Amino acid sequence: RHLRVHESFEVFDRLPVGCLGVGDGGSADDPLGSGQDLGTWLGSILRIEVGPDIEGYAVPADNPFVGNPSGRDEIWVYGLRNPWRYSFDRETGDLYIGDVGQNLLEEVDFQPSSSPGAPHLVLSPIPGVASLSQLVLLY
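Counting in my numbering, the sequence shown runs without a single skipped number right up to 139 at its last residue.
Quick caveat, the hints were computed from the structure, so don't treat them as lab data. These figures come from a predicted structure and were not determined experimentally. Certain hints may be false.
[Unchecked claim] Distance ranges between label pairs, derived from CB positions: (1) V108 - V50: 26 to 32 Å; (2) N103 - Y57: 20 to 26 Å; (3) Y96 - E55: 27 to 33 Å; (4) L105 - P52: 38 to 44 Å.
Heads up, the beta-carbon is just placed ideally off N, CA and C, and yes, glycines get one too.
Given only the sequences and the hints, what does the whole structure look like? Please build it.
As structure tokens, then:
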């Protein structure tokens, strides 16, 4: 089951903004469909603000689903299995996400710092490959 939470708190524009990566809560192939469900935090990276003047946490006003009934306000990135490690490039602000793959593949996702958030991270179809199990990795 993918229920691990990875957290990373950085200071952006002098506000402490934190990201929490949450697994999809299921086993192989995301049987609950959590990674595609914007009504749950599962299978996503959440973006929140914390600080001494904030009780609990606050949601940054520029998060992509703030005020949108189709998604939870805290969601920044969705479509993940288990974002077990991620990091922001200190020079560019770009986001790199290590995500659990399936069978033979693991996944690394990239989100440029210019992104307004809400990328839906799913593996794009690969021409000539009917399923991920057909892929052979060459090193």
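Here's how the hints hold up against the structure:
1. Between V108 and V50 the CB atoms are about 27 Å apart, so this pair conforms to the stated range of 26 to 32 Å.
2. In this structure, N103 and Y57 break the distance hint of 20 to 26 Å, their C-beta atoms being roughly 36 Å apart.
3. Here the CB-CB span from Y96 to E55 is close to 32 Å, well matched to the stated 27 to 33 Å.
4. Checked against the hint of 38 to 44 Å, the pair L105 and P52 passes, with Cβ atoms roughly 43 Å apart.
Hint 2 from the list above is the single one not met by this structure.
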